[in-house]
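Using the sequences and the hints given, assemble the complete structure.
Protein chains in written order, with the working numbering: chain A, 1 to 327; chain B, 1 to 506.
With a straight-line Cα cutoff of 25 Å, these simulated SDA-like cross-link-like pairs (lysine to any residue) come out:
#1 A:LYS207 to B:GLU25
#2 A:LYS207 to B:TRP24
#3 B:LYS389 to B:VAL478
#4 A:LYS48 to B:GLU444
#5 B:LYS499 to A:GLN6
#6 B:LYS30 to A:GLU201
#7 A:LYS11 to B:ASP78
#8 A:LYS207 to B:ASP32
These aren't lab readings, by the way, just hints derived from the structure by calculation.
Given next are the chains, with one letter for each unit.
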Amino acid sequence: MQIDLQTINIKPLRQNFDHLTARFGDKPASRYQEATYDIQQTYLYHYKPTWEPELEIFDERRTAIRMKDWYDFKDPRQFYYGTYTLARSRMQDAADAAFEFALDSGMPETLPDAARRLIVEVLVPMRHYEWGANMNNTFISAYGYGTAIEAACMFAAMDRLGIAQQLSRVGLAVDGEAALDDAKARWMDAAEFQPLRRLVEDTFVAKDWFELFVAQNLAMDGWLHPFLYTHVEQLSLKESGAFFGLSSKFQKDWSAETVRWVDAMVKAAIGDSDANRNLVAGWVVHYTARTREAVEALATAVFGDEAASVVSVIDEAFAARLTKIGL
Amino acid sequence: MDMKADRKLSLKDRYRHLTRGLGWETSYQKMDDVFPYDKYEGIKIHDWDKWEDPFRLTMDAYWKYQAEKERKLYAVLDAFVQSNGHLNVTDARYINAIKLFFCAFPPLEYMAHRGFSMAGRQFRGVGTRVACQMQSIDEIRHMQTQMHTASNYNRYYNGIHAMIHQLPRIWYMSVPKSFFDDAITAGPFEWMVAIGFSFEYVLTNLVFVPFMSGAAFNGDLGTMTFGFSAQSDEARHMTLGLECIKFMLEQDPANVPIVQRWIDKWTWRGVRVLALVGMMMDYMLPKRIMSWQEAWEIYFEQNGGALFKDLARYGIKIPDCVEQATLEKEHISHQLWAGIYQWNFGTALHAWIPGDDELDWLSAKYPNSFDKYYRPRLEAWREMAKDGKRFMNTGLAMNCQVCQYPTIFTEPGDPSTLCHRELDYKGEKYHFCSDHCKTIFEHEPEKYVQSWLPMPQLYQGTCGGGGVQEWMDWVHLVPGQDNMDFEGSQDQRNFALWKGLASSNK
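Below, the structure written as structure tokens:
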């Protein structure tokens with residue numbers, strides 16, 4: 001059943017802006033299209049950056065990949081600020097409900113020792129990893145090319161700050177400020193975190209923003225998030241530590257959603273040319289090897305004899321994901 | 001037990017843990033390589049930990065708070081579209097004010113976003129980075145909500161359809177574009193003085209606010225709604241700009257002269273951009289908020305004066321250019337509207353001679369200048385138009401090498417003489433609209449020799465070819481439809497027709 005409410009109908013002169021009509025024809029554009037396409041300037045810059053005088057303000061040469069159209073980096077989630085904040089606010093509401101339930105049930109105070117150690121020694125130090133991911137995605141937003149990919153990376157950067165803050169809250173709930181101090185000390189000095197910290201710091205000096213996208217959002221996250229939120233969480237459950245899972249609901253929901261976007265970006269790049277495909281494949285090999293080494297060190301500390309099998313499960317799943325992307 | 005330890009944390013300590021506690025001193029890579037851009041400007045920071053967080057907003061709260069604002073905003077925008085809200089504006093001439101806004105603001109909010117992403121990556125202080133990142137996504141918000149509002153106007157009115165093409169191409173858009181290009185090509189500290197402090201703090205009540213108040217005064221619900229929805233974001237941006245200035249000044253006395261030069265430069269560059277706003281307030285709003293002169297007196301002379309008094313304890317003085325800007329407050333809006341009127345064939349706006357009641361309003365608001373210098377000219381042009389000889393200037397003026405305006409402004413204190421300065425640099429002659437633009441050039445000649453100036457480029461044939469029609473095509477201007485007199489325009493006819501459809505049964 002439908003009722004027919006009337007409004008005054010006047011015929012518009014045009015359906016959209018010239019730059020959207022050139023792309024999609026004279027028809028109404030979606031809010032994602034209006035908010036995204038061709039917003040970044042591409043020519044007639046007035047001055048060269050004092051911080052990088054050999055390039056323009058926005059310059060395709062800041063990555064080795066080339067795109068026929070930089071707006072092929074279309075977000076499958078169609079995020080613009082409004083849809084993005086609505087999605088995150090819903091995700092946060094669900095995560096808060098789970099976390100508050102755990103807190104109200106007194107879980108942090110009654111954690112079995114083994115489960116507590118997994119949280120304090122493994123999960124909470126990862127707040128620094130998430131902060132590294134924030135820096136790298138902010139870098140892409142700053143120096144990337146085209147509004148479609150860079151704005152989505154700025155959203156991702158804020159996601160990672162949010163995750164780092166959630167991990168910190170978990171630490172505070174379990175052991176107060178001491179948990180955060182311990183986590184920092186472990187991140188800085190514990191042997192099992194050093195390959196990871198070295199890798200993160202190496203990405204901080206990478207200059208090619210799409211290389212950084214592949215390193216951080218595909219390879220590193222592609223290994224570390226399953227490691228933490230599948231394998232370490234399962235181990236924690238075995239130690240009757242439901243707290244781990246209840247306190248990291250956001251990350252799991254977020255990961256499921258974000259992986260789709262990351263894969264679509266990589267697919268767009270390699271689909272454009274074989275040259276891109278070769279570059280991306282090279283970066284994947286390099287950063288997967290580095291990440292694997294970092295995850296092995298952590299897995300050995302957490303899983304002991306089981307480490308190799310955990311690593312091989314992640315490896316297989318990641319390889320399957322790459323195949324699906326077309327790499 | 002542990003929970004109690006957590007609950008005892010003050011809000012400030014908690015926020016510290018949730019932001020700057022996340023960072024660390026890198027050791028596998030040198031900090032100077034990780035943050036390569038925060039030293040070359042000469043600003044000395046000894047202790048980033050002294051940074052006072054200007055606001056304490058964690059991401060969970062940010063998402064919820066902002067999502068709520070977006071829900072409300074888009075509900076209003078949807079209703080605005082559905083009910084043909086554009087027909088509720090006071091007068092179709094008003095739409096030209098927001099044409100000016102929509103052609104400039106969304107792409108420039110976008111530049112602010114990119115600049116804050118850069119600052120949000122480049123400062124080595126974590127608290128500073130987090131604050132900049134939050135402003136970075138706020139600026140995405142502003143760009144996008146403005147695009148979504150502009151979209152509805154663009155479907156029914158001319159002059160906005162080519163906003164993306166025109167920002168880099170059309171001559172008066174070069175003014176705000178060069179402002180942002182200048183800021184983003186500077187280092188992160190100068191960026192913060194340019195945008196965070198001068199633009200968002202000192203001048204925001206004279207830039208963003210007049211458009212939003214203008215919308216509220218003229219029945220433009222769409223524009224008013226995104227403006228008011230951005231208010232709490234803007235409040236955050238203002239506190240960030242102020243904190244950043246204080247932080248630089250407190251860290252080292254050697255920073256003071258550098259910061260002073262930036263404040264001087266960006267206040268003047270901002271004042272020049274403001275001429276566009278002054279013109280909008282005095283000429284383009286059918287229902288006026290206040291005169292440009294009144295706005296300048298309240299928001300700059302009074303509020304800005306108090307701010308500079310506050311900064312005096314750091315050794316910061318009020319910029320020299322304020323003296324000239326104060327002399328110009330009775331003139332610039334009139335001089336710029338005259339420019340838009342006489343070069344109206346090259347604008348994406350309609351122009352008009354104000355009606356008698358509006359001329360009287362201007363006479364009353366500008367007793368020292370309007371009747372003496374500007375009213376007679378407008379009345380003469382009105383007579384010429386009546387005789388079918390609408391005044392147009394087909395000659396092109398010289399652009400100022402720094403602010404990029406045609407040299408249309410007059411000598412300080414002598415409103416009957418055009419102001420023009422020039423200087424030789426490495427065998428080339430450069431032209432300026434004022435002493436202050438010339439001084440800015442002298443401090444950074446290598447930057448400003450690069451300026452892309454619209455008029456010389458037109459002569460060189462880089463703007464679609466050599467002729468006026470080729471230029472029109474190149475900037476996507478439809479002659480007579482996007483520009484020239486409002487009287488008799490398609491906008492005027494359509495508005496009257498649609499308004500009639502919406503309010504009668506004919």
